[in-house]
Each structure stands twice: as structure tokens, then as C-alpha cells.
Amino acid sequence: MNRIDRRFAALKSAGRTGLIPFVTAGDPAPEHAVALMHALVESGADLIELGVPFSDPMADGPVIQHASERAIAKGVGLADVLGWVAEFRRRDVDTPVVLMGYLNPIEIHGYVRFGEEAVQAGVDGVLLVDCPLEESAVLAPLRDAGLRQILLAAPTTAPERLANLCKAAEGFLYYVSFAGITGAARLSTTDIAARVADIRSHANAPVAVGFGVRDAGSAKAIAGFADAVVIGSALVERLEGVASATEVADRVLGFLAPIRSALDAG
Amino acid sequence: MQEIRDFHAFPDAQGRFGQFGGSYVAETLMAPLAELTEAYLRLRDDPAFIAELDRDLTNYVGRPSPVYFAERLTRHVGGARILLKREDLNHTGAHKINNTVGQALVARHMGKTRIIAETGAGQHGVASATVAARLGLQCVVYMGAVDIERQKINVYRMKLLGAEVVPVTSGSKTLKDALNEAMRDWVTNVADTFYIIGTVAGPHPYPLMVRDFNAIVGREARAQLLDQYGRLPDVLTACVGGGSNAMGLFHAFLNDRGVRIVGAEAAGEGIATGHHAASLAAGRPGVLHGNRTYVLCDDDGQITETHSISAGLDYPGVGPEHAFLKDAGRAEYVGVTDDEALAAFHLLCRTEGILPALESSHAVAQAIKLAREYPKDGIVLCNLSGRGDKDVHTIAAREGVTV
Numbered sequence: 001m002n003r004i005d006r007r008f009a010a011l012k013s014a015g016r017t018g019l020i021p022f023v024t025a026g027d028p029a030p031e032h033a034v035a036l037m038h039a040l041v042e043s044g045a046d047l048i049e050l051g052v053p054f055s056d057p058m059a060d061g062p063v064i065q066h067a068s069e070r071a072i073a074k075g076v077g078l079a080d081v082l083g084w085v086a087e088f089r090r091r092d093v094d095t096p097v098v099l100m101g102y103l104n105p106i107e108i109h110g111y112v113r114f115g116e117e118a119v120q121a122g123v124d125g126v127l128l129v130d131c132p133l134e135e136s137a138v139l140a141p142l143r144d145a146g147l148r149q150i151l152l153a154a155p156t157t158a159p160e161r162l163a164n165l166c167k168a169a170e171g172f173l174y175y176v177s178f179a180g181i182t183g184a185a186r187l188s189t190t191d192i193a194a195r196v197a198d199i200r201s202h203a204n205a206p207v208a209v210g211f212g213v214r215d216a217g218s219a220k221a222i223a224g225f226a227d228a229v230v231i232g233s234a235l236v237e238r239l240e241g242v243a244s245a246t247e248v249a250d251r252v253l254g255f256l257a258p259i260r261s262a263l264d265a266g
Numbered sequence: 001m002q003e004i005r006d007f008h009a010f011p012d013a014q015g016r017f018g019q020f021g022g023s024y025v026a027e028t029l030m031a032p033l034a035e036l037t038e039a040y041l042r043l044r045d046d047p048a049f050i051a052e053l054d055r056d057l058t059n060y061v062g063r064p065s066p067v068y069f070a071e072r073l074t075r076h077v078g079g080a081r082i083l084l085k086r087e088d089l090n091h092t093g094a095h096k097i098n099n100t101v102g103q104a105l106v107a108r109h110m111g112k113t114r115i116i117a118e119t120g121a122g123q124h125g126v127a128s129a130t131v132a133a134r135l136g137l138q139c140v141v142y143m144g145a146v147d148i149e150r151q152k153i154n155v156y157r158m159k160l161l162g163a164e165v166v167p168v169t170s171g172s173k174t175l176k177d178a179l180n181e182a183m184r185d186w187v188t189n190v191a192d193t194f195y196i197i198g199t200v201a202g203p204h205p206y207p208l209m210v211r212d213f214n215a216i217v218g219r220e221a222r223a224q225l226l227d228q229y230g231r232l233p234d235v236l237t238a239c240v241g242g243g244s245n246a247m248g249l250f251h252a253f254l255n256d257r258g259v260r261i262v263g264a265e266a267a268g269e270g271i272a273t274g275h276h277a278a279s280l281a282a283g284r285p286g287v288l289h290g291n292r293t294y295v296l297c298d299d300d301g302q303i304t305e306t307h308s309i310s311a312g313l314d315y316p317g318v319g320p321e322h323a324f325l326k327d328a329g330r331a332e333y334v335g336v337t338d339d340e341a342l343a344a345f346h347l348l349c350r351t352e353g354i355l356p357a358l359e360s361s362h363a364v365a366q367a368i369k370l371a372r373e374y375p376k377d378g379i380v381l382c383n384l385s386g387r388g389d390k391d392v393h394t395i396a397a398r399e400g401v402t403v
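So the sequence lines, in the order shown, correspond to chains A and B.
Quick note, the first sequence lines up with residues 1 to 266 if you use this note's numbering.
Quick note, the second sequence lines up with residues 1 to 403 if you use this note's numbering.
Derived from the structure by calculation, the hints contain no laboratory data.
Do not take every clue at face value.
Calculated pairs, DSBU-like style, for lysine-lysine (alpha carbon to alpha carbon, straight line, at most 35 Å) [what the hints assert, rightly or not]:
{"id": "1", "chain 1": "B", "residue 1": "K173", "chain 2": "B", "residue 2": "K369"}
{"id": "2", "chain 1": "B", "residue 1": "K376", "chain 2": "B", "residue 2": "K326"}
{"id": "3", "chain 1": "B", "residue 1": "K326", "chain 2": "B", "residue 2": "K369"}
{"id": "4", "chain 1": "A", "residue 1": "K220", "chain 2": "A", "residue 2": "K12"}
{"id": "5", "chain 1": "B", "residue 1": "K152", "chain 2": "A", "residue 2": "K74"}
{"id": "6", "chain 1": "A", "residue 1": "K74", "chain 2": "B", "residue 2": "K173"}
Since we're looking at a predicted model, the values are computed, not measured.
All chains should be modelled from the sequences, with the hints used to inform the complete structure.
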């Protein structure tokens, strides 16, 4: 059983909503990348989404785009990210790690080579923003290596496609709560709830909701109907420019702890 | 690779040209792309739509554009006859209008009220602002801050036409970043917004649709050659950035195996210097802007910054059909440097009284090289994709002249 499946099974039996923070690997500082991952877990993360920096992040808003640019400027590449996951695994063998990013860095690295190296490092899944189900045949070597391909569903996803996505979903299904880029602030909880209910009727995989979740309030609203909540831009924004490992940990705790308590207050 | 019988059979239903093309986009764009594909494929075969488009191309764009025998240039070079397909004579001064007129009609049929576009040199932005004004649609053009600086005249033209020009300051601040930004706008505003992509790149159906709208160039030229010269050309050439004017010229000739096809990419300061935009000549297969194609990137897969004197060729990817034609061995792609393009620019000005765009000057430089390879009764057909008025400031600055 993959770590992702184990973690969601544990959450379900405990009756808890999962907390999935996203950070861009190597931002705010490559030397604190591993410390940041541990800080996320210590502040209540159930699964870590680690962004692989890419020069042309078409689906991301300015916050994550700039984080990506900062990391690339410091020389962060796919090999560094895999190295950090391997280092993280020395102290944490339970928290699932999903790499989130775009196809080109993996395509250039080589699909077979990436699959082997990622599993070796302790990566559990990939969420490739620009690789929809229709194009995912190229990812076969990743699945063969044991990585879960996390799929996205959106408010614009047509019913027939949604059924296919739900059928193919593994690990968890990531529901993008509105049609826009990451970091924008629009959210109608009622609409999302209805849509997630629909997805649940089709999918065996757990459903995580993201895009537009910024704080304890918005996370809590979603916790009522989702298996997990993803928080990205608001956290990345909070970490911008932070220089020391201690401050990274403090900021993470300060930001995630209230959200964790809100989710657990059930 | 398997022998290809019919090049006109591509792309397939998924938008694939062999291993290239496809729809590598975020989930939020899958539905709008499906809606667009459905609408376009329906309109493409609709006689009423075709008639409407033909009327616009004739009465608004000014088609057909002539094929012109550049006699003094030919004599100067001393080789095969150089013929120019005069897309520079179209309304707004380039081939770009063929596509924007077509896409704007599609937008109107789909009930969209807002048009967005990305632009590099500004030609596509001007062509989009033009058709938006004509149809009374709101228009927003995304343009890299660097390109805004080097194409001030086109920026002002767009504003005169009522478009809003949004400077893009992320990444390399050029065409690729403008494309990213336009894509983000589209993701956020899909309900009322139509994204007019200016080249044969992007996700399916754009490479197909933009090629179709520009294919009039090659269809006309092929008929004009048969009519005026009683034969097909020996070789075609056109400049390739994203590759829309080149695809437009090449497409009608793809199954004429006797016609050689050569695309001229921007070699900038020379391919060996690394300062260039020659994705096919010097890049590798990758995924960028919604399709699999040749890209310029480093070993981490990060897209690299490109260089060309011509903003319209300054792009690290290329249309997937060109990638396909390269791998199939049907077309060759070679680099033309900034200096070679400038020399060709001056030569065409002085021998023919035609100011070519810097983009098109790359094609002229390549046509000159090719003419030397063929006997005097041979024919080199060169796409003169745009006029150079927009570039006079760039050229003056490069040559130390104050205008």
C-alpha cells in the first residue's frame, strides 16, 4: 500500500480532514528546504505537495510563479528536489510527498529515469498540471515505478469527463474549486459542496479541495464535505523572503496551526 | 519513422502530428478547448461560414496577395528566380490578419464578447485589435515589457484601435511570457472570452485552426505559380518563429514531393553562441504552451531565454506541425543570423523598393542562399510575411542612426 492510500485510510478511520500544504521546493531558501518540510509536518500537515520549479508555470498565479522564478534563480532543479525528499525521508517515513509541477522538466529528465529516482527518493505521487488524463499515456513508466498520478477535476469539467476522471483517479482526486489560476480569491462554498458530492458519488478515491483556500475560515468551510484541504499560495506568500530556518518554522506554525485546529474542531 | 502518404491527414482527432501536438493544458482549460474544437470543426465545413470568411479575406484583407518576381534581386544574386508571396500587402501589413479574421468570426459564432491575444512583434496584437474593432468586441493584448519597448509603434497602433495593452513583466518579458499571461486570463474568464492565439502553437485545436486560416497563402501561391509559370517552385522558404506564415505557405505543397521546403529560424548571434531562437535547428522535443514540440531548454527542463533581432521570431518553442515535418524529413530547418537578416533587409530595400519586416528578412536571406543553389531557370518561392515599417526604429538604433 502506498503512503498516500495509508494516510487517507488513517484519516478516514480517525474521522479527520486532511491538511495538504503546498510549497515551492527551494523557496524561500534552498538550504532550508528539508527543514521546511519537517516544519510542515510538525505544524499539522498530513501530506506535502512539493512544487517543482518551472520557468513557464501557465496555470499558476503570480505568487507561485514568483516563488518558482526565485528558486530557479538559485539554481534549483529536479535533482535537488529529489535529493531533498530523500533527506526528508531519513527522519519521516510516513508523511506522503506528492511532487506538483509541469511536464517538461520530467520529459527532459526522462520518464523511466524519473520514475525510478523518485520512488528511490521516497516520492509517492505526482500531480502534473499540464498533463490531463488524455495525454497521460506518457506517464506509464511513472505508474510502473509505483508513483500515483494525482488527477485534477475543475468546475468546468464536463459530466462525462468527470466520470472518467473519477474512474481513473488514484491516491486522491484534486478538485480545483474554481476556474482560474492558483492564488485567486473566489470561492462559493455551496457550489463546491454540490460538486464534491457529485464527485464522491463517482469516485472511490478521496477528494481534496484546493485553489482559493487561504485561512482557517475558508479551510473549515470546505472541511465539512472534503477529505482534505489544499493550501498553496497563501502559505507561499507567507514564506516569501524568510531567511532563517527558525523563522521558516515559526511562520509555518503560525500559519498552519489555526487551520489545523479549525479542521480538528469538527 | 513510417512513410507518410498524405501530409494533409494531420493532425488526428486528438490534435497530434505524430508524437507532436496534443493538449497539454490544465484541467480548467479542457472544457473550453473541447467547446472551441467542436465549434471550429463544425464551422470549418459550413458553406455559409466559408463564404463569410472568403468575403472578409477579399474585401477587408485585400486578398489575393500577388506573387512578385523580384527581378533585380534575382539578377544581383545571380541564381534561380526569386518570387515573393506578398503577404506584406495585406491590411495591417502581415499574414497575421488571415488568422485573426478567421478566429474573430469563430468567436462571434460562439457568442464571445471579449477577445484576448498575446503578441511578440506586435503584428498579431495589431491584427487582433483590428478585427476586434471591426466586430465591436472588447480586446486585451498581452505583450512582454521588453517587446513593448522595442515595438512602440505597434503598441500605439493597438491603442488607437481601442485595445488595452497589458505589459507582462514575468520571466523573460517576451512572447512566451505574454502567452503564459494570456492563457491565465483565459482560464479565469472563459465564459465570455475568446483567446486568439497568433501562431500554429498552443493546445489543440489552435495549431490546426491557425494553420487552416493561413493555408490560403500556399493555396493561392500554388495556383498562381501554375497559372503564371506553368509549374511548381523548386523550393519554398519562409521564416519560422512559432511558424504560422511558414505553415501557411508550406501546407498546400506538402504532398508535392518534388517541392523542397526550407524553414528559416532565427539564429540570432549564431547558434554556437547560444543567443538564438532556433528551436528546431538546436532544440529538443519537450512540452511547452500546451503541445509537445521542439523547445529550447536546459537540462533541468527550464525553458531558456532566446535572442533574435526580430521580436516575432523570439520564441523558444515552435508549432508542432513543423516539429513533425522536420522529423518526417519533409522540411528542413536552418538558422539565419541577425546580421544575415539585416543584410537581406537592405538588399531588398535597394533592389526592389520593398521594406520587409525583420522576421521576413530572415526568409529573404534564406531565399538568397537557396537561389545560388539552383540554375537560373529554377524558382525559389519566398513568403514575404510582413512589411518592415514597424522595424525602422530597431534598425536605426542597431546601426547607430538617430531618427
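- Task: Determine which of the earlier numbered hints do not hold for this structure and return their numbers in increasing order.
- Result: none
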